[in-house]
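Taken in order, these protein sequences are the chains called X and E.
Throughout the first sequence, residue numbering follows our numbering, covering 13 to 422 in sequence.
Throughout the second sequence, residue numbering follows our numbering, covering 13 to 422 in sequence.
No lab work stands behind these hints: they were computed from the structure.
Be a bit skeptical, because a hint or two may be false.
Note: identical chains are not told apart, hence a pair may lie in one copy or across any two.
Claimed, not checked - Derived BS3-like pairs (lysine-lysine); straight-line CA-CA distance at most 27 Å:
| id | residue 1 | residue 2 |
| --- | --- | --- |
| 1 | K141 | K377 |
| 2 | K359 | K420 |
| 3 | K161 | K113 |
| 4 | K63 | K153 |
| 5 | K377 | K137 |
In this text, all values refer to a predicted model and were calculated from it rather than measured experimentally.
2 protein chains.
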Amino acid sequence: MKYSAAFIKTNKSAPEMDSINATLLTKAGFIDQTMAGVYTFLPLGWRVLNKIENIIREEMDTVGAEMFMPSLSPRSLWETTKRAEIDVLFEARGANEASRKRNDASYILNPTHEEVITPIAQRLKPSYKDLPFAVYQIQTKYRNEARSKSGLLRGREFRMKDLYSFHATDEDRQQYYDKIKDVYNRIFSSLGLGEDTVIALASGGDFTKDFTHEFQTKCETGEDTIYFDKKNNVYYNQEVAPEEIKKAGQSFRASEVGNIFPLGTKFPDAFKYNYVDETGKPQAVWMACYGIGSSRVMGVLVEKFHDDRGIIWPAAVAPFTVHLVGLNLDDARVAERAQAAYRHLTKAGVEVLFDDRPEASPGAKLADADLIGCPWRVVISRKTGEQVELKARAEEKTELLSLDELGKRF
Amino acid sequence: MKYSAAFIKTNKSAPEMDSINATLLTKAGFIDQTMAGVYTFLPLGWRVLNKIENIIREEMDTVGAEMFMPSLSPRSLWETTKRAEIDVLFEARGANEASRKRNDASYILNPTHEEVITPIAQRLKPSYKDLPFAVYQIQTKYRNEARSKSGLLRGREFRMKDLYSFHATDEDRQQYYDKIKDVYNRIFSSLGLGEDTVIALASGGDFTKDFTHEFQTKCETGEDTIYFDKKNNVYYNQEVAPEEIKKAGQSFRASEVGNIFPLGTKFPDAFKYNYVDETGKPQAVWMACYGIGSSRVMGVLVEKFHDDRGIIWPAAVAPFTVHLVGLNLDDARVAERAQAAYRHLTKAGVEVLFDDRPEASPGAKLADADLIGCPWRVVISRKTGEQVELKARAEEKTELLSLDELGKRF
Chain X
13 MKYSAAFIKT NKSAPEMDSI NATLLTKAGF IDQTMAGVYT FLPLGWRVLN KIENIIREEM
73 DTVGAEMFMP SLSPRSLWET TKRAEIDVLF EARGANEASR KRNDASYILN PTHEEVITPI
133 AQRLKPSYKD LPFAVYQIQT KYRNEARSKS GLLRGREFRM KDLYSFHATD EDRQQYYDKI
193 KDVYNRIFSS LGLGEDTVIA LASGGDFTKD FTHEFQTKCE TGEDTIYFDK KNNVYYNQEV
253 APEEIKKAGQ SFRASEVGNI FPLGTKFPDA FKYNYVDETG KPQAVWMACY GIGSSRVMGV
313 LVEKFHDDRG IIWPAAVAPF TVHLVGLNLD DARVAERAQA AYRHLTKAGV EVLFDDRPEA
373 SPGAKLADAD LIGCPWRVVI SRKTGEQVEL KARAEEKTEL LSLDELGKRF
Chain E
13 MKYSAAFIKT NKSAPEMDSI NATLLTKAGF IDQTMAGVYT FLPLGWRVLN KIENIIREEM
73 DTVGAEMFMP SLSPRSLWET TKRAEIDVLF EARGANEASR KRNDASYILN PTHEEVITPI
133 AQRLKPSYKD LPFAVYQIQT KYRNEARSKS GLLRGREFRM KDLYSFHATD EDRQQYYDKI
193 KDVYNRIFSS LGLGEDTVIA LASGGDFTKD FTHEFQTKCE TGEDTIYFDK KNNVYYNQEV
253 APEEIKKAGQ SFRASEVGNI FPLGTKFPDA FKYNYVDETG KPQAVWMACY GIGSSRVMGV
313 LVEKFHDDRG IIWPAAVAPF TVHLVGLNLD DARVAERAQA AYRHLTKAGV EVLFDDRPEA
373 SPGAKLADAD LIGCPWRVVI SRKTGEQVEL KARAEEKTEL LSLDELGKRF
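Same shape as in the complex, but just chain X:
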């Protein structure tokens, strides 16, 4: 893609924001803040978010069917589950008198979808023959946060994958739950977070009284402190860590990237959703939900992978593999060679961002490449002659290669 056609604009002088991820993603032109905790994903950012979500989607498709639930739901569903009073709920209602005159109702703007999926499951899956099953979606969620800071790490509006599973027995739920842990580990490995992500026990909040499992990625700027119980090889979120473990003091800062909630029979019970067993008797349905905050993952990646020049994206989620920088483009021969390199790489299936701006200075272009953080930088200039200069974003050394040699690298 050509820089000039991609609605890309870095803004190195943008003010420092509430977090490293917000500052770097804004300066590099990936996101734009509409209000506190609410961001636009600009074309560069939307590419990265899509890559993250497609990595998640590919794994999810092996364990459940994708669907798409609405963001609005009737308040009555939340009254049924006794969650209408939880303090992160937004309502949607007419924004002014004219609108409220038109329709005076108030709806819930969903922060999660147990209240929507459970009645659907009840309508469509009444029999033991239907169990177990699992469905998932990737979409926007809403939370009325008091203060919204930390950029993409805690938004009033954010993207999330949520999977829901339904089972005839708690044992079956536990089996599936273990399968999803493996799936999650594969996802976080693909996202470049595998080595630094652990499963920690945590509180169930509004969902359950049981422990839940959080996937926590080691991150100096993370919001959580995780304690390690070396003897039993168990990680605890500080909110539930036993005092003796806390005293031992083996801890690190981390950021939550995923979670698994065993929900028991709470939501099916609230909706009187029982399945009919082989003998015709009603039986309790067991349920669990499994989240990954895809926009939050994007923020965590930036918190972890950056230096003082900009972002360093893991290859799997980088907006482009190669950032092709054409310098001295006023020289017709250099311009021709840059175009040739662009065609050559694109034809080979390499995702290339081609900085074809005639007016930007060499310094500005090289600084933009560092800021945006694609894994590879290729420079073509009067100086490189018939060759091109290749440099990995994370390293200092450069190589001179022919176009053919370059093509073989990707």
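Starting from the known structure of chain X, arrange chain E on it as the hints suggest.
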């Protein structure tokens, strides 16, 4: 995909709903109503919506960059453009006392995004060198409808593609506008609506005092009446049709599937967004927006393409190309042949929905295939022997083919 694993469940006895599209899509298991005007897209429906949106996306990528704006925005943006009082606006605010105590603010839940994109353009694209440019997104929109009827044709929450373009002059805007008309015509042709879709002049509503262009698809159950001025070869929405044209009485019912609004300089002016010309002088920015309601298109397709047995999807948006029905699956040889056909077609890259349910009756399976409406039905049973029975959804005649012959058909 196997029926048993796909969270598919037809419900032939579901009650009649407010429209043909809602009734058929619900009975066939594509959507589930959460509340009036708000639907879940079940896995079958999500597949269709994705196909529609990907057809739109592919064409849009040739004329603009994809991004993703938030659904929440500060009320002040809408006050700036004097649209905070329009009667379809929803606000999002704390849903209960605890939530409003946490954060008392009220935000707008966007029905459209001029108020978000214009300040972004202002921040990122200040110079004549940046113009023209265009960006688009595909996402969920919200409208506080008084009454919500007509299924997917008019929802409180719905899916939409919206493209925004910015120009240095009105002439440049007009040129781009004409290009998008061609792009839209290609999209509606790909969606199977080409022959029946016309461009009609209509009112600009809250957007503009000029005429706007609506893409109207002929549809007996459509909400609009379109008048044809034969002499000048112009179509008018009834709301703006000149009286003499109305009297001539050449009209038909239609459903709006897309629209183009020339916005003039209204939104850039409101935000004081001027571009700097070659001489350093500030100049007005011209703007237009271009919508396609992707979930509405799905509803219109069902309104137009169905019979008394169910839906008849155009091939390009059908959830699957082939609905493979295995009858007599208790017979091991038949079951083996059905599995072989499934593998054969899947390997050949054909999208197959395999009804592998052992317990459903032949009549129920064949009725489900008609209801779901994939373009081709393949039946394997004791009766078809070593062959398979092929039938187009829209036709009555069947053919007997070998597996090899079948593979060559797709």
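Status of the hints after comparison with the structure:
1. K141 to K377: For K141 and K377, the Cα distance is within 27 Å only across copies (17 Å; inside one copy 61 Å).
2. K359 to K420: Within one copy only: 12 Å inside, 30 Å across.
3. K161 to K113: Between copies only: 18 Å across chains, 36 Å inside a chain, cut-off 27 Å.
4. K63 to K153: Both ways: K63 and K153 sit 19 Å apart in one copy and 23 Å across, limit 27 Å.
5. K377 to K137: between (57 Å within a copy, 18 Å between copies)
Against the hints set out earlier in the document, no violation occurs for any number.
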